[in-house]
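In case you want the letters, here they are:
2 protein chains.
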Amino acid sequence: MSAIEQLARDARLASVSLQSVTNEQKNEALLRIKQVLAERKNDIFAANELDKQLAEEQVQAGKLSNALFKRLDICKGDKFETILSGVSDITKLDDPSKKVTMATKLDNDLSLYRVTVPVGVLLTIFEARPEVVVNISCLALKSGNAVILKGGKEATHTNAKLAAVIQDALASLPASNPIPKTAVQIVETREDISALLDLDRYIDMVVPRGSNSLVKYIQNNTRIPVLGHADGICSTFLDKEVDLNKALRIVVDAKTSYPAACNSTEQLLVHQELLQKDTFSKVAQALIDAGVTLKCDAASHAYLQHHHAGAGDKVQAAGDEDYDTEFLDHVIAVKVVADVDGAVTHINDHGSKHTDAILTENAQTADWFMTRVDAAGCYWNASTRFADGFRYGFGAEVGVSTNKTHARGPVGLDGLVIYKYRLYGNGNITSEYGPGKKEYLHQPIAPSDYQL
Amino acid sequence: MSAIEQLARDARLASVSLQSVTNEQKNEALLRIKQVLAERKNDIFAANELDKQLAEEQVQAGKLSNALFKRLDICKGDKFETILSGVSDITKLDDPSKKVTMATKLDNDLSLYRVTVPVGVLLTIFEARPEVVVNISCLALKSGNAVILKGGKEATHTNAKLAAVIQDALASLPASNPIPKTAVQIVETREDISALLDLDRYIDMVVPRGSNSLVKYIQNNTRIPVLGHADGICSTFLDKEVDLNKALRIVVDAKTSYPAACNSTEQLLVHQELLQKDTFSKVAQALIDAGVTLKCDAASHAYLQHHHAGAGDKVQAAGDEDYDTEFLDHVIAVKVVADVDGAVTHINDHGSKHTDAILTENAQTADWFMTRVDAAGCYWNASTRFADGFRYGFGAEVGVSTNKTHARGPVGLDGLVIYKYRLYGNGNITSEYGPGKKEYLHQPIAPSDYQL
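In order, the protein sequences belong to chains A and B. Sequential numbering from 1 applies to the first sequence in UniProt numbering. Sequential numbering from 1 applies to the second sequence in UniProt numbering.
If you are wondering where the hints come from, they were derived from the structure by calculation, not from laboratory data. Do not take every clue at face value.
[Claimed, not checked] Derived SDA-like pairs: lysine to any residue, alpha-carbon spacing no greater than 20 Å straight-line: (1) B/Lys99 / A/Asp414; (2) A/Lys314 / A/Pro259; (3) B/Lys99 / B/Tyr419; (4) B/Lys181 / B/Ala164; (5) A/Lys98 / B/Thr365; (6) A/Lys98 / A/Pro178; (7) A/Lys99 / B/Pro444; (8) A/Lys99 / B/Thr101.
[Unchecked claim] Now the in silico label distances, taken between C-beta atoms and shown as ranges: (9) A/Ser431 / B/Gln272: 43 to 49 Å; (10) B/Asp449 / A/Glu432: 55 to 61 Å; (11) B/Thr82 / A/Met1: 46 to 52 Å.
A virtual CB, placed ideally from N, CA and C, is assigned to each residue, including glycine.
Could you build all of it, start to finish, from the sequences and the hints given here?
Below, the structure written as structure tokens:
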């Protein structure tokens, strides 16, 4: 067995131990991690300084962007304190495992329960920000999963130090706490990742956190289910019955409050009747004032060239590719559609099933749109930027999923558990049931009668 | 766009229409399908006769097994009536879509709902039994999904006829019912399947129904999520505190009541202390009496050779591969383990995460086993053969899933829906919330206050 296979098998064995751990034991581990991180702050900062020093040379050589460099720093301001308080915040969340989601009496002495359980072993691959080591380790432990981490190479020393400190913390737990230190492990090379992506025998789910290209690479190179999303191409549709004030507020927030986020609106769809009013004109002006460049289809381009002749290069003709692009910048694609069905068709063809909004005062039109658009989030008169685990009230965010099996949309701890069926019998055999024999009861079991 | 891509896109467009369909309209479609199937019985039987005639030549040429040939026949006995009543049974099931599984007030004018919705487009690939065309089409429609079918080539004429009849039934629905006939489509060639397995843009889930090799081929050749399982290697563990009578009943039922089923027990794990009592001896004798061959590890082999010298070739030495084999026959692998942890380790290493049972009178040991075994079903004192959608009370079975994301275990209609988040606002924008600004309420919404 290769070293990397042994590591994956250790994670699998750790995940078996984690199945029996109580919520109190998981919280005890998290608080111990917080404590040891605080105690070893100087070691961690020294590792981070080393990474920053090496990265600075890369920046000067033009091999690393300034934005990536900034994300590397965990020493500045209250960043480290924020990381620590994030750990104790996770202890306050509900345990997502051991919840009964179905209970049925099959016979008087045969009871069936569907109970949430940890998924098993997670593989997390991320870039730049070293605090992900702490955050994802704690989310994994709280949900009862073992985790294997792989960070960006610019943060190698910081990541390794953080993982070592977490392992030391787990190793120092009292003997009564069965969480092994192999519940959190780290790997460093691309070769390790290639090998791990093949080990669907030991690894249950991959959680990539990073760029589109990272996510796409992983999706195309493993049979293991991937939790996350590559593109975030969100649309906002201005219906003919839109309220102008809501539109002005929402479109500007959805595009400009954080353009680099996956939940920012990348496409503005406009009902054709709005070209006969001043609604579209005012919304376009608000975007231009906010520094946004509009990439327009023929109809909207002609309209804006006529009504906003002074907008200069803030109004441009769109190419076909602009309707399949995640700009992540002060740029928005604009398209005029005949009606709500035109908007639905465009979104289902060009969107990424992430989050799409309709702005209208007509409840029936809103319901039609929200029912027929195939996306994890369908919003009525609200900004697409609400697609976020914290804003949804999950208290934590593992990622945003565009999957259509299991977790979808912003994913909290619930996305890291699945269920198993537990059947409690008394010697029951299937051949005693059937036509002319015993009949199944199929009665729901009330929570007060659970025998778990 | 190729013909097959057009077909997949038609399915995708049909699935959008299906999102808006009511439960009444879905049931109307199912009953119409039942009616037209009955009306066209002669056509269907003629197609089936043609397939059987061609297949018979294959059987005589030794190119097709008799078992496969028998599955082909939908004319004999009350088979066709059973198919028809299966259709009306599905109308009686609850609509699995449009269920609210979470509802939270984010602000006084901002409400978030998590609602179940159809997955979208299903691709079902199956072998031999033509009735799957009817069954899976009806399950897909009832859950609001479009479906593309591909059956075995021995049943080409029957499958094509059944699909054509279903499409005719859908085409003859009143104009008030928006289900298009492209909601059910069929393809015939292997090349079509290769092309479809690449179209993750249009197809959301593959549901294979057939042999291990079929399922494995599909799992290895698509990025689309696959609902199902390849192997069904189920184990039954006889703990030292087992009740002999329950063991005798359960082990024989689990192994012999239908050996070709995926939920039959393939491995018998025996606590070592049972070799000092006569428990194992009696269980082994019951299996031998039922015609089962025992493939034994060294400890159990020595024991049985000593105590059951007359068993002849019903007791054999096992090879390593026998502990990773789905026999689907009157054969069982036997292994002696030191304790419950030995059983758990063996199952987690060699099982297929399908269904595993412990037989014991000790509740604590049972809980330990059921918690630590990583399988869709963990049973206490019951036969693994209970792993079945009808026995679980789902009223229908799409398949049995060993996936650890989304549906797991026997899958009914619930496995064909996923949720979407619906957010109802009043012009809300994210930049108004945060420290020093508006605070999120994150209050659960009571069902009586739902605004859906």
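Hints, one by one, checked against the model:
1. B/Lys99 / A/Asp414: 18 Å, holds
2. A/Lys314 / A/Pro259: 16 Å, holds
3. B/Lys99 / B/Tyr419: With a Cα-Cα distance of about 9 Å, the restraint between B/Lys99 and B/Tyr419 holds, given a limit of 20 Å.
4. B/Lys181 / B/Ala164: Satisfied, since the Cα-Cα distance of roughly 10 Å is no more than 20 Å.
5. A/Lys98 / B/Thr365: With Cα atoms ~18 Å apart, A/Lys98 and B/Thr365 stay inside 20 Å; holds.
6. A/Lys98 / A/Pro178: 18 Å, holds
7. A/Lys99 / B/Pro444: Holds - the C-alpha atoms of B/Pro444 and A/Lys99 are around 18 Å apart, at most 20 Å.
8. A/Lys99 / B/Thr101: Given pair A/Lys99, B/Thr101 holds - Cα atoms ~14 Å apart, limit 20 Å.
9. A/Ser431 / B/Gln272: 43 to 49 Å: Violated, at about 30 Å.
10. B/Asp449 / A/Glu432: 55 to 61 Å: 47 Å, violated
11. B/Thr82 / A/Met1: 46 to 52 Å: 51 Å, holds
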